[in-house]
Amino acid sequence: MSSHREAPEIAKDPVADSTDVYAFMHPTQDDQVVLIANFIPLQQANGGPNFYEFGDDVLYEINVSNTNKAEADVIYSFNFRTQIRNPNTFLYNFGVIDKIDSPMFNRPQVYDIIRTVKGKTPTYVAQNVPVPPVNVGARSTPNYPALANSAIKTVSGRKFFAGQRADAFHVDLGSIFDLGALRPFNEAHLISMPQMNGVNAVQSYNCHTIAMQVPVSDLTADGKGSSDPLERRNVIGVWATANRARVRVFNKRTKKFMNKGPAVQVSRLGNPLVNEVLIPMSQKDKWNAAEPNQDSDYAAAVNKPELQGLLPFLYPGVFPKLDAFNKGTRPRADLNAILLTGIPEGVVKDGSGKTIFQNYTGPVEADMLRLNMGVPPTAKNSPSFSIYGVVGGDIGGFPNGRRLEDDVVAIELRAVAGATIPLVYPDYVPDDAAGALTDGTTNTNSDLLADFPFLGHPGGGYETVPGTAS
Amino acid sequence: MSETSRRKFLAAAGVGAASVGTVNLAAGSAEAKPSAKSVKESVVVLIEDHKSSELVLLVGDREVVVHNRDLVTRILNAAGGK
Chain L
3 MSSHREAPEI AKDPVADSTD VYAFMHPTQD DQVVLIANFI PLQQANGGPN FYEFGDDVLY
63 EINVSNTNKA EADVIYSFNF RTQIRNPNTF LYNFGVIDKI DSPMFNRPQV YDIIRTVKGK
123 TPTYVAQNVP VPPVNVGARS TPNYPALANS AIKTVSGRKF FAGQRADAFH VDLGSIFDLG
183 ALRPFNEAHL ISMPQMNGVN AVQSYNCHTI AMQVPVSDLT ADGKGSSDPL ERRNVIGVWA
243 TANRARVRVF NKRTKKFMNK GPAVQVSRLG NPLVNEVLIP MSQKDKWNAA EPNQDSDYAA
303 AVNKPELQGL LPFLYPGVFP KLDAFNKGTR PRADLNAILL TGIPEGVVKD GSGKTIFQNY
363 TGPVEADMLR LNMGVPPTAK NSPSFSIYGV VGGDIGGFPN GRRLEDDVVA IELRAVAGAT
423 IPLVYPDYVP DDAAGALTDG TTNTNSDLLA DFPFLGHPGG GYETVPGTAS
Chain D
11 MSETSRRKFL AAAGVGAASV GTVNLAAGSA EAKPSAKSVK ESVVVLIEDH KSSELVLLVG
71 DREVVVHNRD LVTRILNAAG GK
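As they're listed, the protein sequences go chains L and D.
So the first sequence is numbered by my numbering: it starts at 3 and just counts up by one.
So the second sequence is numbered by my numbering: it starts at 11 and just counts up by one.
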């Protein structure tokens, strides 16, 4: 979760495994958008001597749709190359890495950034941009924040970063995948146990991040921005992909793998938890290889989620209204809108009945993270700020894009449990428990940063005790 | 944008994206001779459907689709030990 090891094939290929996508307005520069794609899940900070790195044989992409067709209208591609400075040592570094181009670093990695606008020739945004080393530990990378920050690439005001980060996603994997248990509600479970706090299964783990901060005008179809949240042109759909050559063959002569053929998509991620929790296991690999505009093939899993049927069974007597809904024929049009088409006008209103938010991208069913760039960011110290996003009354958060703070596990648990059904069926009254569901976890990894690239610095190999947060 | 056209964008930038060509090879028993465009690197030949006439040649970051039932049959025979 939210897409860590979510499908059988990609679980065996972590370097190409996309784990989370975030899209949000810059907290203080409301003409700037931040897009973040994470890959390579559940990295132990002490994973040497061959520490984690981006794959030279993987093409990473961040895709943006801006024409209401759920097609990639703007693509940012990231292509990595790794060098071995000294082939005669097993060491990742020979001494202190105190600067980004330190000769002490034995596996420097660089990448190119290519921007492709549909119908136009791809252009290089930047080439040979350095990736910082991982946070090896106190002796090797003693001033990691400064080292990592020096890898931020600024090009004409746009910012890019690729490198290791602390994973900000939090979830109680151990409980949820143990027969759908939520520790704070343990007593109500079919197999009852004492209540307890949630356990963040991602605690102490790092990931690899590609982050970019660009002007709104770089992502809209007409190259302009506006502050009107009801203008459809302000809504973009975002998803990340990872691609590999069609064939990987072990060359018996060179004793190395060689890649042959064009890149094909092996991993995809838009909204959190869709492939993880909604798509049946037998279809997950196919879903990963599909384009978002093919998602009508999977709409049945959204319109009647398996989890929706399991909740009344696993928590007897807790979800009687959802149980009754399940026995009817009405599809989950609310989930379909939230995840596959965007929320149309007329659904989210203020007290006077005026529509204040929409992120509709047309009738094409497609799993994309939809961000309305006309909605200003909600200040984190504002009483309106809610980690439950739109469900919590904060239209600056998920499913209006996704911020690093948004508790998407709780939001989606509540949505699946029926909290959002009244958006389309006003006669439905959710169960009391639907609006209270949570796995009881919080982000217990490094603090988020106040500025780009926003995700916290990764835990160090020396400093991190497995299972702890430092 | 279709998958193919999307990858073609990237192909123009030389970043390992799709470039799919189709070639019809005439059957013939004469010994083949290298052409001026013959590649000089390893090639992976993929027959995805043994009942079809299609071979996919994976070379560099490209794939070339060849239709030649006789060649498919010869390769299948060889793979079977004959």
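If you're looking for bench data, these hints aren't it; they were derived computationally from the structure.
The C-beta atom is built at its ideal place from N, Cα and C for all residues, glycine as well.
You may find that some hints are simply not true.
Pairwise CB distance ranges, derived in the manner of DEER restraints [what the hints assert, rightly or not]:
#1 S158(L) - R84(D): 36 to 44 Å
#2 D59(D) - A335(L): 37 to 45 Å
#3 D180(L) - E58(D): 39 to 47 Å
#4 S48(D) - V467(L): 57 to 65 Å
#5 P44(D) - K306(L): 57 to 65 Å
#6 S158(L) - L81(D): 49 to 57 Å
#7 P51(L) - V53(D): 34 to 42 Å
#8 D352(L) - S62(D): 54 to 62 Å
#9 I358(L) - V53(D): 53 to 61 Å
#10 V112(L) - K61(D): 42 to 50 Å
#11 V53(D) - S229(L): 28 to 36 Å
#12 K92(D) - D15(L): 30 to 38 Å
#13 K92(D) - P51(L): 44 to 52 Å
Capping the alpha-carbon separation at 25 Å, the derived lysine-lysine pairs in DSS-like fashion look like this [claimed, not checked]:
#14 K306(L) - K329(L)
#15 K50(D) - K254(L)
#16 K50(D) - K257(L)
#17 K161(L) - K323(L)
#18 K254(L) - K71(L)
#19 K92(D) - K258(L)
#20 K92(D) - K61(D)
#21 K286(L) - K258(L)
#22 K226(L) - K71(L)
#23 K288(L) - K61(D)
#24 K122(L) - K161(L)
#25 K120(L) - K161(L)
These are the hints, each one checked on the structure:
Our hint of 36 to 44 Å for S158(L) and R84(D) is violated, since their Cβ atoms are close to 56 Å apart. Restraint check, D59(D) to A335(L): a C-beta distance of roughly 40 Å satisfies the suggested window 37 to 45 Å. Remark: the range hint 39 to 47 Å for D180(L) to E58(D) is upheld by a beta-carbon distance near 40 Å. At about 59 Å, the beta-carbon gap between S48(D) and V467(L) stays in the expected band of 57 to 65 Å.
A C-beta distance of roughly 59 Å is found between P44(D) and K306(L), which places it inside the suggested range of 57 to 65 Å. Taking the beta carbon of each, S158(L) and L81(D) are about 52 Å apart, inside 49 to 57 Å as hinted. Checked against the hint of 34 to 42 Å, the pair P51(L) and V53(D) passes, with Cβ atoms roughly 36 Å apart. Between D352(L) and S62(D) the beta carbons are some 60 Å apart, a value that agrees with the proposed interval 54 to 62 Å.
The supplied range of 53 to 61 Å is met by I358(L) and V53(D), whose beta-carbon atoms lie about 58 Å from each other. Between V112(L) and K61(D) the beta carbon distance is about 46 Å. The supplied range of 42 to 50 Å therefore holds. Separated by about 55 Å at the C-beta atoms, V53(D) and S229(L) break the suggested range of 28 to 36 Å. Distance hint for K92(D) and D15(L): a CB-CB separation of about 37 Å, consistent with the stated range 30 to 38 Å.
Distance hint check for K92(D) and P51(L): the Cβ-Cβ separation is about 49 Å, which falls inside the suggested range of 44 to 52 Å. For the given pair, K306(L) sits about 11 Å from K329(L) by alpha-carbon distance, which is consistent with the 25 Å threshold. Only pairs whose Cα atoms come within 25 Å are accepted, and K50(D) paired with K254(L) is accepted, the gap being roughly 18 Å. Distance restraint check for K50(D) and K257(L): the Cα-Cα separation of roughly 20 Å lies within the 25 Å cut-off, and the hinted pair is therefore satisfied.
For the hint pairing K161(L) with K323(L), the CA-to-CA distance comes to about 48 Å; that exceeds 25 Å, so the pair is violated. Our distance criterion of 25 Å between C-alpha atoms is broken by K254(L) and K71(L), whose separation comes to about 46 Å. As the CA atoms of K92(D) and K258(L) are separated by approximately 30 Å, the hinted pair breaks the 25 Å bound. For the given pair, K92(D) sits about 18 Å from K61(D) by alpha-carbon distance, which is consistent with the 25 Å threshold.
Among the hinted pairs, K286(L) with K258(L) is inconsistent with the structure: their alpha-carbon atoms are about 30 Å apart, more than 25 Å. Distance check on the hinted pair: K226(L) and K71(L) sit about 19 Å apart at the alpha-carbon level, within 25 Å; holds. Taking the CA atoms of K288(L) and K61(D), the gap is about 24 Å. The hint holds against a cut of 25 Å. Of the supplied pair hints, the one linking K122(L) and K161(L) holds, its CA atoms being roughly 22 Å apart against a limit of 25 Å.
At roughly 22 Å between alpha-carbon atoms, K120(L) and K161(L) fall within 25 Å of each other, so this suggested pair holds.
Hint check: violations occur at hints 1, 11, 17, 18, 19 and 21; the rest are consistent with the structure.
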